[in-house]
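S.K.: Residue numbering for the sequence shown follows the working numbering, beginning at 1 and increasing consecutively.
Keep in mind that the hints were calculated from the coordinates and are not lab data.
For clarity, every value in this text was computed on a predicted model and none was experimentally measured.
All residues carry an ideal CB built from backbone N, CA and C; glycine is no exception.
Keep in mind that a hint or two might mislead.
Derived CB-CB ranges, DEER-like [said to hold, decoys possible]:
#	residue 1	residue 2	range
1	R239	G154	20 to 26 Å
2	G214	A41	40 to 46 Å
3	D200	P19	37 to 43 Å
4	P19	R247	26 to 32 Å
5	G114	A23	37 to 43 Å
6	D200	T236	32 to 38 Å
7	K125	K44	18 to 24 Å
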Amino acid sequence: MGADRTLTPEILGPAPLTPETIAHLEERARHVRLETIRLIAIAKVGHYSSTFSCAELFATLYYDAMRLRHGEPRWSDRDRFLMGKGHAAVGLYPLLADWGFFPKELLDGYTRLGNPLGDHPDMTKVPGVDFSSGSIGHALSAGLGMVMGGRMTGRRFDVYVMLGDGEMQEGQVWEAAMAAAHQKAGNLIAIVDRNGYQLDGQVDEVMGIEPLAGKWRAFGWEVHEVDGHDVAALATLFRRLKQDKTRERPACVIAKTLKGKGVGYMEREAGWHLGYLAPEDEAAAIAEIMGQATAPARFQGDAR
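Hey, can you work out the whole structure from these sequences and the hints?
M.R.: In structure tokens form, the structure reads like this:
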């Protein structure tokens, strides 16, 4: 999990939410951002800002909330994690390597010819990836299918589905939402990364999705709105959801986040949806993520 904390063979229930736990989750979120910069430097292009907005979500899920076994990516009773916003997979891969699902050396060949770690995740090639995603809108349907499949075999595991807020414009999301409520899929948890931006600009300018919480409630879901960068709030919420084994309504977590969180000039800047940091700019961005300085503005995003 990190140099300061040993991975247990199996996480069945989290330790108390201590200041040390919170600090560890914050450190793991920084790790996601730092590894994102390192891996995109290998690929020469990538999705910094979409990954930075969900770094705390990644950290809290994989180091506190989810039930996993180290080195066993296909353990049948594990919790599942699906990414609708598959373009943020660069932030997921370091966590899967941390869990021993594949050798960490694979990270060094990210997106290179013959390496299974691509810009979008492929469940047929990458151990620990539960769903191949690229075209958005399908993940919630697949997650519901996993819940129902587990039900048929007598297993109950939690299924977490991370969705982009631009993804809320896809009709299939709402078909799946309606079906999940009908099926009483209480162990299905949708997480909307509400960072306010998509490829073409601000979500609410491309196609408005509000009232988002009201829509999910109208479809029969239990809805929770939370600061998506507050690991203590996230951990508290996910723990509460996991402890409620009698819940029949699926849960939607609307995580209010900043696109590009961690590097000031990337925040709320649509041009960094896809971009590349020149080598001379990496050190300044890393220093800002580490809280040492504010990086000077750069404009290598694709809209520039």
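S.K.: For each hint, tell me whether it holds in the structure or not.
M.R.: Taking the hints in turn, this is what the structure says about them:
Take R239 and G154: their Cβ atoms lie about 25 Å apart, and the range 20 to 26 Å holds. Hint check: G214 to A41, Cβ distance near 42 Å, so the stated range 40 to 46 Å holds. Distance hint check for D200 and P19: the Cβ-Cβ separation is about 41 Å, which falls inside the suggested range of 37 to 43 Å. At about 29 Å, the beta-carbon gap between P19 and R247 stays in the expected band of 26 to 32 Å.
Distance hint for G114 and A23: a CB-CB separation of about 38 Å, consistent with the stated range 37 to 43 Å. For D200 and T236, the hinted distance range of 32 to 38 Å is satisfied, since their beta carbons lie about 35 Å from each other. A hinted range of 18 to 24 Å for the beta carbons of K125 and K44 is consistent with their spacing of about 21 Å.
Against the hints set out earlier in the document, no violation occurs for any number.
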